[in-house]
Every structure is written in structure tokens, then in C-alpha cells.
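Construct the entire structure; sequences and hints are all you get.
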Amino acid sequence: MTTASEPMADAPREPARRHATPRPAPALRGDRLAAIARGEAVPTETHRELAGERAILEVDGFNLWYGTKQALHDIHLDVPFGKVTALVGPSGCGKSTLLRSVNRLNDLLDTVRITGDMRLDGASIYHPSVDVIQLRKRMGMVFQKPNPFPMSIYENVVYSLRIDGVRDRRVLDEVCERSLQAAAFWDEAKDRLKESALGLSGGQQQRLCIARAIAAEPDVLLMDEPCSALDPIATGKIEDLIDALKGEYTVLIVTHNMQQASRTSDYTAFMYLGRLVEYGPTEAIFTRPHLAETNDYITGRFG
Amino acid sequence: MSTPRFTGRARQYRSGATVRILDRVSRWAITVGGIGTLVSILLVSVFLIWVAVPLFFPTRMSAPHRPAEGAAALDAAPLHLEVDEHRRLGWLVTREGTLEVFRLDSGRRLERRPLFPEAEMTAAAFSRQDDRVAFGFVDGTVRLGRIAFWVRFLREAEVPPELRSLSAGGLGEMAGGLVVRTPEGMFRLQGVDVELEPPIPSGSAAPVLRIDQTVTAAGPVYAVLTADGKLRVNAVEERENLLTGETEIELAGGEVPLAAAGAGGLPDFVRISGLGDALYVAWRDGRIQRFLTRDPRRPVLAETRDLEPGPARVTSLSWLLGRFTLLVGNDQGGLSGWFLTRREGVSTPDGRVLTRAHTFAPGAAAVTAIASSARTRLVAAAHADGEVRLLLATTAAELAASRTADGRPLAVLAVAPREDAVVGISASGLNAWEVNARHPEASLAALFTPVWYEGHDRRAHIWQSSSGADDFEMKLGLMPLVFGTLKATLYSLLFGVPIALLAAIYTAEFMHRRVRMLVKPAVELMAGLPSVVLGFLAGLVFAPFVEQVLPAVLAAFLMVPLALLVGAYLWQLLPAPLTLRFSGWRFVFIAAALPLGILAGAILGPAAERALFAGDLRAWLDGQRGSATGGWFVILLPLGALLTAAGMGARINPWFRAATAALAPRPVAVLDLVRFIVGVVLAVMIALGLALGLTGLGMDPRGSVVGTYVQRNALVVGFVMGFAIIPIIYTIAEDALSAIPEHLRSASLGAGATPWQTAVRIVIPTAMGGLFSAVMIGLGRAVGETMIVLMAAGNTPLIDWNLFNGFRTLSANIAVELPEAVRNSTHYRTLFLAALTLFAMTFVLNTVAEIVRLKFRRRSHEL
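Protein sequences appear in the order of chains A and B. So in our numbering, spot 116 of the first sequence is number 116, and the numbers just go up one at a time. So in our numbering, spot 239 of the second sequence is number 239, and the numbers just go up one at a time.
If you're looking for bench data, these hints aren't it; they were derived computationally from the structure. One should not assume that every hint holds.
[As the list claims (entries may be wrong)] Cβ-Cβ distance ranges computed for the label pairs, FRET-style:
# : chain 1 : residue 1 : chain 2 : residue 2 : range
1 : B       : 705       : A       : 67        : 53 to 63 Å
2 : B       : 30        : A       : 165       : 49 to 59 Å
3 : A       : 192       : B       : 705       : 29 to 39 Å
[Said to hold, decoys possible] Covered stretches of chain B (in silico footprint by chain A; criterion: 3 or more residues with CB under 8 Å from a CB of chain A, positions within the stretch not fixed):
# : segment
4 : 647-659
5 : 753-762
[Stated by the list, open to error] Derived, one-sided and incomplete: chain A residues facing chain B with beta-carbon distance under 10 Å:
#  : residue
6  : 108
7  : 112
8  : 114
9  : 116
10 : 120
11 : 122
12 : 123
13 : 132
14 : 145
15 : 160
16 : 163
Keep in mind the model is a prediction, meaning the values are calculated, not measured. Note that beta-carbon positions come from the ideal geometry of N, C-alpha and C, so glycine has one too.
Laid out in C-alpha cells, this is it:
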């Protein structure tokens with residue numbers, strides 16, 4: 001997905017810089033994964049560092065069923081404000097389901113049933129009185145596959161303002177430029193704002209989708225494997241972008257890629273078969289996880 | 001040779017013989033089937049073209065054929081000439097009153113018979129259409145009669161021995177006539193028969209100068225100009241005396257007030273119309289006077305006109321078939337056709353005026369003779385330079401032209417009864433042309449442009465392919481049928497497309513998945529309803545019902561959408577827990593709005609009829625009562641609603657949203673309802689204001705989009721055919737909407753858009769190509785639909801936008817008329833041309849739909 005305009009400087013990355021030191025042995029041992037597979041409840045190992053963070057999103061005892069099959073089991077997860085939190089785990093562990101539950105996109109499936117709650121800034125997400133549309137306006141979402149709308153780049157970016165009825169041209173222009181700049185896409189797109197977004201390359205499309213999400217000024221940015229459909233160069237750009245968003249935006253990112261999680265996130269949550277197994281600072285998870293299972297997973301021994 | 005590795009089995013690398021044979025056979029079968037399908041479709045259109053194209057073949061006229069033998073023996077300047085339908089015999093009447101019968105092939109005279117040995121004939125009139133003749137005499141008497149060909153088949157024994165050996169097609173003469181051996185081997189004897197009635201007085205003793213006659217339903221009528229300057233019209237009434245058994249002739253007639261016209265000299269032409277109700281008197285300088293002779297006892301001068309305003313002088317004046325159109329030839333070679341038309345503001349007693357409707361291309365020299373065919377509007381005209389032209393009166397077209405062999409002008413000519421020959425006599429004798437007039441009445445101009453048909457007031461598109469009368473003018477304008485097809489399509493799309501598309505959007509975007517799985521097949525099942533069933537329901541049940549409750553039906557068209565909207569606003573008023581609990585039943589509530597709307601229509605309709613249409617909608621539509629305001633109001637109401645909605649969307653809604661953002665849902669819902677009611681009132685006021693304005697300007701919708709109510713009409717067809725096309729549009733549109741990838745919807749919803757915003761801003765624009773092709777395929781279906789329009793449209797080929805009037809479509813016309821059309825006749829081929837037109841229309845529509853669909857598919861591949 002390389003275009004001539006994309007600089008090559010940051011393309012090859014040195015993998016797993018942080019893992020240079022020898023790994024200390026995990027503090028706890030036990031066959032938790034087998035217990036999870038048997039359907040037993042296993043407590044989440046949450047690191048102490050998280051207690052010091054202000055949580056913007058709190059997941060509190062959240063269960064989710066697709067029909068009769070339970071996909072999420074008693075999730076407790078506090079997403080700290082202004083930080084990047086990564087959800088990792090093998091396929092089918094419920095990472096994406098959890099992410100889509102945050103902005104209630106799972107509501108669209110009529111077989112989904114939930115218990116427990118989530119809170120955004122202390123306000124419930126799943127209370128019956130909550131206006132789902134209002135709720136979603138507070139969150140931006142970037143999907144696994146770049147999904148620009150079949151309209152111009154400009155209209156894509158300002159979509160969230162359009163649906164709110166904003167017509168002031170100056171406001172729209174300004175938001176468009178700022179969002180594209182924040183998504184590191186302005187220089188490439190500024191001369192072709194009126195062109196169809198479908199003509200962009202995959203990496204460009206994904207940065208456009210991020211710009212579109214940013215334009216809505218969300219409290220939380222949800223990213224569902226944003227780089228899985230991209231080549232390494234485009235991936236590098238998106239990762240740089242996530243780095244740049246850190247501090248201003250709270251980012252919750254689902255990823256399959258261990259290096260990506262280790263490079264971009266501040267905190268990492270490891271999930272397995274619908275349960276949150278271990279949750280802590282990324283540095284800790286990747287260098288000295290409390291659980292042997294986490295260590296096995298991040299070192300690639302299974303999954 | 002491979003070594004077994006994972007499965008322990010060696011793979012055979014060569015496919016088996018059966019596999020290869022099957023592969024080859026199936027490839028052949030598929031190729032043959034596919035190409036066969038294409039070829040058969042192609043053959044259908046080739047066949048249509050094959051049948052239709054001869055319509056446009058030009059008329060051919062051979063070089064003149066001159067029989068050498070005995071040609072000079074015929075009279076050089078006879079009064080009239082006739083040819084029999086087999087083109088074997090001819091007869092002519094000379095100025096002296098002698099009948100000559102002759103063979104056409106050799107020109108040899110078979111018989112010469114003075115018709116009136118004891119009286120001097122001074123005037124004669126002939127009518128080719130019915131073989132009637134009238135003669136006037138020097139003593140002022142008149143004899144009516146018939147001169148006609150007769151045919152009799154001979155038994156072998158009756159044939160003279162020397163003729164028995166005639167080969168097929170051979171001719172022989174015997175006492176009494178001409179023997180023809182037919183191709184079947186029969187002997188046909190042909191001759192000419194003369195029947196003359198006893199002399200009747202003309203009302204004057206002076207010599208008869210001009211005479212003309214016609215036969216009406218009541219009996220013969222004749223007009224006679226005598227040398228003493230008196231012109232009389234007489235109707236002959238024959239009465240049988242019951243006692244003696246003799247027929248008595250009674251004349252009813254009067255003198256035409258010629259002197260009143262102040263004409264110099266006696267008229268040169270006297271012509272009486274086919275119905276005997278008009279007498280035309282003309283002079284060579286072009287003056288013509290028309291007298292009304294409906295009551296022959298009191299002829300009244302109707303008008304005086306000038307046939308030739310220029311210096312040209314009239315040389316020939318004769319009737320076209322049917323004796324309604326006068327063909328006028330002048331000494332400059334000009335030729336024109338005149339008939340009566342109705343005109344506003346003319347001073348004639350009958351409100352009609354003789355009008356020059358056809359102007360033919362002029363010939364190079366004076367017109368010497370005109371002959372009209374006894375079958376169609378074909379006319380032969382002879383010019384002084386020897387030119388002979390074949391013309392078609394309906395379109396004033398010149399079909400073919402030729403010239404006499406020696407350039408001498410024809411004094412008299414005749415068109416053979418089967419229109420396969422033209423025969424004329426010049427000073428040097430007989431000239432004959434073979435004519436191949438295949439389909440003179442059909443030409444691109446006659447089919448697709450307005451034509452001035454006999455008796456009509458202006459040029460018009462008319463389809464009337466047959467009639468009971470022999471002198472009927474064929475009217476082959478296809479435009480009324482094309483118009484009917486488009487009208488049916490438009491009104492049914494107007495009804496069907498919004499419903500089908502909205503239903504598809506609702507099903508794809510809002511409906512519960514389980515309900516959708518029931519609804520979609522149910523609607524598709526509707527498509528399987530045979531259209532003949534819909535047709536007879538429309539024609540026999542729905543049309544009479546609508547006729548009875550028309551105001552309620554029209555009111556329901558407005559009330560059902562209103563009921564849905566009111567229902568939606570009331571739904572918002574319900575407390576949130578209640579709406580959440582009943583959200584599964586929303587569909588049921590929506591469905592309930594339909595009967596409520598119909599009920600409201602049934603209640604409101606009669607009231608609206610009283611208020612807007614002076615209490616009787618059908619009388620109002622007829623234009624008998626009431627002002628235009630009520631009609632404009634109803635027509636403009638949707639426009640008022642649209643204007644209000646657009647205005648509110650642009651100005652009020654952003655403000656409303658900002659002002660109510662802080663309020664709880666309940667008060668917002670109340671305010672929303674208030675806003676809606678204000679909008680409805682506003683829409684009504686806009687419509688009323690516009691209606692009053694338009695009425696003030698003197699405009700009236702009656703006569704254009706609405707008008708006199710006919711039971712089988714476009715409203716009924718639009719409604720029922722709408723039902724026929726809804727399933728097909730719905731299915732394709734729903735597929736197109738469902739094909740929009742889910743990730744686009746997720747992206748839009750994830751950005752905080754409502755499902756409605758997602759549908760309108762993302763899903764519908766993306767699926768636009770598919771929606772368009774759904775509409776186009778519905779359009780194609782409506783264009784080709786036959787049974788519904790056949791049974792419910794009244795089949796009146798009119799060009800009239802009136803919603804309450806009928807029409808005839810191309811397809812229904814073919815279904816109605818093709819079984820009755822004579823094979824390979826002009827009518828038959830024109831129907832095939834209509835089929836070809838229909839084929840072209842649907843072909844273009846489907847091609848456009850397919851192109852758009854492919855474009856749409858490419859676009860959705862990019863997503």
C-alpha cells in the first residue's frame with residue numbers, strides 16, 4: 001500500500017526493544033487456561049498501577065450472550081483517561097465483542113443479551129433511559145477493514161457534523177482540516193478533498209476513518225484491529241498516529257499483533273475465551289507478567 | 001510415479017474417461033443452449049421487422065403499356081372510363097351517349113352500344129364507388145341507373161368448342177362477353193350490364209347542362225343545372241302502390257338560389273355530397289358556393305369561397321372516395337383537397353367552412369383528369385404534359401409517377417378496383433400502368449406525425465384502424481397508443497414506486513429480521529398473481545366500486561399518509577418505558593394506521609365533496625358546476641406539503657433542534673406534534689392560496705390532468721398496475737439495499753447517526769444504482785403489461801392526460817386487433833410495427849436498467 005508520498009524512514013521497526021532484559025519468572029502459577037476452558041470462573045489479575053489512574057470507562061461485571069452462547073464472562077475493566085489500552089488475546093476470545101459493546105453496536109443483533117453494566121464518565125451505558133445515539137456521539141470507532149463512505153474525502157470527515165445538522169461552511173472546513181491533520185493525512189488529502197474516498201489506498205482510507213472518528217470529538221476512541229488489513233508501512237503510520245493521539249484521546253484498541261500492542265499501548269488486557277485474564281501496564285505485561293499463561297501467550301507459545 | 005505420503009494413496013494424474021466425456025458433452029450442450037437462446041430472441045425481432053418493413057416499401061408504377069391492335073378505334077375523349085377488378089375489361093361512355101366495352105389487353109372493342117338511341121344526352125355523372133350513373137337530356141329529363149361489370153362462371157357445355165382448349169389465363173371472345181380461363185381451369189364469362197330507369201323530369205324543359213347524383217339512405221338525390229340557368233336539387237322517393245303493384249316515383253326538390261350569388265355565367269361544376277346534404281357549385285375561376293340541401297325543398301346558401309385565389313383556373317373538380325373531400329385540379333398543375341371543418345367564429349349557418357386540408361405537390365402542367373380509387377384514399381391525376389401521378393389524399397403524398405407513352409395528355413383515367421393498375425385514354429388511345437401500391441396508407445409521416453383526416457378540424461394523431469363503412473379513411477397514428485402506454489406507465493409508477501421503494505427501505509433497514517423473513521417472500525408471492533386476475537378485478541370489481549365512492553377513494557390517498565404521520569407523532573408522546581415494551585409491536589401499530597386512514601377518507605371524502613366540488617364530484621369533473629378552486633386545492637395539496645416540509649427542514653428544524661436540545665423527551669414530543677400540526681395547517685393554506693391564485697388567473701385543471709369521469713380510467717389502472725409492479729420493484733430494491741455492506745452501516749451508526757440518517761445518507765445513496773434499476777425494471781414491466789390495461793383502461797385511443805379518462809396501450813391494441821386483422825394487410829403489418837415499437841421501448845428501458853445495474857455492481861465491489 002506504499003505510495004510515493006509516504007516516507008520510508010520509519011518503515012522497518014526493531015521488534016520488541018523492551019524485551020531485551022532477561023525475563024523474570026512470573027509471580028503466580030497455575031493452569032488457569034484449562035480452568036477457563038472447563039467453564040470455571042477465574043479471577044482477573046489486575047495490576048496495582050491501574051488504581052492510580054482516572055478511569056473514563058468502567059466495565060463492571062459485564063456478561064454477554066449470543067443467543068445461548070456466552071461470549072463475555074464477568075468482565076471488570078477500567079480504561080484510564082488519556083491513555084492507550086490494548087486488548088489482546090487469541091481469536092474468538094471476545095475482544096471485538098467487548099469493544100462493540102462499549103458503543104452498543106451489538107444492540108443491532110437481536111440475539112444479544114447482556115447483564116452487568118458499563119459506565120462512561122460515571123454515567124451508565126446500558127440503563128434503559130440512555131439514548132444510544134447520544135452515547136455513540138461521544139465515542140469514535142475505527143473498524144478492522146477501512147470503511148470510508150462512498151462520498152468525497154471532505155464529506156467523509158465531516159459526516160458526524162452533517163448528521164448533527166451543522167451547515168456552517170467555515171466550521172466544517174476547519175474541522176475537516178484539523179481532523180485530517182490530527183490523523184496525519186492532511187498533506188496527502190488537502191488537494192483532493194472533493195475526490196471519492198474509495199479511490200484512496202488502504203492505509204490512506206484507514207487514516208481517513210480515524211480522521212472521521214476524531215472529527216466527532218469523542219471521549220473514547222475505539223479501534224478494532226485497525227491495522228490488520230494494512231501492509232507494514234501503513235501500519236507504521238497508523239501506529240505513529242496512535243502514539244500522537246495519546247494524552248488527548250482515550251484509546252481502546254483491539255489487536256492481534258503483540259508487537260503493536262507493546263509498541264503503542266500504555267496498558268494491556270489479555271483475554272481468553274471471554275474472560276479477562278490479566279490487565280496491567282504494557283511494560284509489565286510484556287516483560288514480567290504475573291501469570292504464566294500471559295507469558296506463554298505473549299511469547300507466542302500458544303494462540 | 002508419486003510416492004504415497006500423507007494418506008497412503010497414490011493420486012491418479014489423468015482425469016477419467018467419463019469425466020472428460022461429460023465435460024465435453026456439457027460444454028456442447030451449454031454452448032448450443034446459450035447460442036440457441038440468443039438466436040431465438042434475435043429471430044423474434046427479425047420476424048417482427050420482416051413483417052413490418054414492407055409497410056415502407058415504395059409504390060411502384062410500371063412503364064405505360066399500350067395495346068397496339070385497334071387502339072385507335074376507341075373514343076378519344078370519353079366522359080368516363082371503368083376497369084373491371086380482374087383487369088380484363090373496360091368500358092367507357094362517349095359524349096354522344098354511346099357505351100363502348102373493350103378488352104384491356106389488346107384494346108379491341110367488343111361492343112359498341114348507343115345507350116339512348118332516341119334521345120340526345122347532354123350531361124352525365126358517374127360514381128365509381130357504387131357504379132351509379134345519371135344522365136341528363138336535351139329535353140330537360142334525367143335518367144338514373146347503373147352500369148356495372150358482371151361475372152358468371154360457365155359450365156363446360158356452355159363454352160364454345162373453339163374456346164375449350166384455352167390455357168390458364170387465356171382469353172376468348174364469345175357472344176355476351178369475354179371468356180377467361182382461370183388458373184383453376186374454370187371458364188369465367190365477363191361483361192358489362194346497363195340498367196337505366198325511366199326518365200324523370202328535372203323541373204325544367206331546357207337542356208340539362210350539368211348533373212350529379214348520390215344515393216342516400218332515403219334514396220337517390222340528384223342536382224341538375226339546365227340551360228335556362230336553373231339549378232335544382234331533387235330527392236327521389238320510390239313508393240310501391242299497394243293496389244296496382246307499380247312503383248311510383250315521387251320527387252321532392254327545390255330550386256337552388258343561384259342568382260343570389262350574383263355569379264357571372266353558368267357554373268362549370270355541380271357536385272353533390274355523399275349524404276346529399278351539401279351541393280357545391282363552382283366556376284373555372286375558382287369561385288365555389290356551398291348550399292345546404294338537407295331539406296332539398298329549401299336549399300340555403302352556406303358560403304362562397306375561392307378555390308384558387310391566384311390566377312390559376314380550375315380544370316378538374318372531383319370527389320374523393322366517400323364524396324366528402326373535393327379534389328381540385330388547376331391549369332398550373334396544382335392539386336388540392338378540400339373538405340368541411342368546424343371553425344370558431346365563422347358566419348356560415350352550420351358553423352362549418354370548406355377548408356383546404358391537403359395540398360399536393362404540384363405537377364408541371366394543367367390537371368386534365370383526376371380519378372379516385374373506390375377502395376382507399378388513392379388518387380390518380382393526369383397532367384397536360386402526359387404525366388400521370390399516384391397520390392395519397394390522407395397524407396398528400398406523391399407515391400409514384402409516370403408518363404404516357406407518347407406524351408399526349410390523358411382525357412380520362414381510372415384506378416383499377418384492386419389498385420393494381422391505372423388506365424387512361426389519350427388522343428392516341430389506351431395507356432395502362434401496372435401499379436404495386438403495397439401499403440400507401442402507412443408511412444412514417446402517417447404513423448408518427450399528426451395527419452389531417454377527413455372531416456376533422458385540424459391535424460391530429462388518431463388511431464382508428466377499421467370501421468363499418470366502405471369509404472372509411474384508415475387512421476394509423478401510433479402516437480395515441482404510445483401515449484397510452486406512457487400514461488399507463490406513468491400513473492402506475494406514480495402509485496407503485498413510492499410504495500415499493502419505501503417498503504423496501506423499511507424492510508431492509510428497520511424491520512425486525514424475523515418479520516423480514518416473512519414479509520419478503522409474501523410480497524414476492526404477489527408477483528406471481530396472474531395479471532389477468534388483477535385485470536378482471538380492476539375492470540369488474542374495482543372500477544365500478546371506485547366510481548361509486550370516488551370522493552372517499554381520493555380522500556383516502558391523502559389520509560393514509562397523514563394517518564401514518566400522525567401515528568408516528570403520537571407514538572413519540574407515549575412514555576419511554578411503554579414504547580420500549582411495545583417496540584416489538586411497532587409494525588402492528590403501523591399496519592393499523594392504514595385502515596384508520598381509509599376510514600378517515602371514507603368519512604372526510606363526502607364532506608370534502610360538498611365543500612370543494614359543489615356536492616357532486618363527477619358533475620364538477622364534467623365542468624358542469626363549481627369553481628376550479630376545489631380541484632386546484634386537492635391537486636396542489638401534495639405540493640403544499642412538500643414546500644412546507646422543505647421550508648421546515650431548511651429553516652425551522654435546526655432552530656427547533658437547538659431550542660429543544662435541553663428539554664426532556666416528552667415535552668419535545670409535544671412540541672414536535674404542535675410543529676407537525678402547524679405544518680399541516682401551513683400546507684393546507686399554501687395549497688388553498690395557490691388554488692385561489694390559479695383560479696383567479698382563470699386557469700382550470702378540468703380539461704387537462706382531470707376531466708370528465710369515465711369508469712375505466714387511468715386512476716384504476718394506475719392503482720392496480722401499481723400493485724402488479726410493486727413486488728418486482730420491491731424485491732430488487734430490497735436486494736440492492738441488503739447488499740450494502742454491514743460495515744458501512746456500522747461506521748455510520750458508530751459515528752452517532754440514527755438508523756434513519758444512516759439509511760438516507762449512506763445506504764440509499766450507495767444503493768442508488770440498484771434502486772434505479774429496480775424502478776427501470778418496474779417501468780419495463782408496466783410498459784409491456786397487457787391484461788390489466790386491456791381489461792381496465794377502456795381501450796379508447798385518446799391523447800388526454802385526464803386521470804379519469806381511459807386510454808389504449810400498444811400492447812392492449814395488439815391483443816385486441818391482431819386476431820381480426822387480415823393477414824399481411826396494412827393493418828396487420830402496422831400492428832407488427834406497433835409490436836416492434838413496444839419491443840424497442842422495453843429493449844431500451846431494460847438496457848438502460850442493465851447498464852446502470854452493472855455500474856452499480858462495479859461501485860459496490862469497491863466497497
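Against the structure, the hints come out as follows:
no., hint, result
1, B:705 - A:67: 53 to 63 Å, "holds (56 Å)"
2, B:30 - A:165: 49 to 59 Å, "holds (56 Å)"
3, A:192 - B:705: 29 to 39 Å, "violated (48 Å)"
4, 647-659, "holds (count 3)"
5, 753-762, "holds (count 5)"
6, 108, "holds (7 Å)"
7, 112, "violated (12 Å)"
8, 114, "violated (15 Å)"
9, 116, "violated (19 Å)"
10, 120, "violated (13 Å)"
11, 122, "violated (20 Å)"
12, 123, "violated (16 Å)"
13, 132, "holds (9 Å)"
14, 145, "holds (6 Å)"
15, 160, "holds (5 Å)"
16, 163, "holds (5 Å)"
Violated hints, listed in ascending order, are 3, 7, 8, 9, 10, 11 and 12; each of the other numbered hints is respected by the structure.
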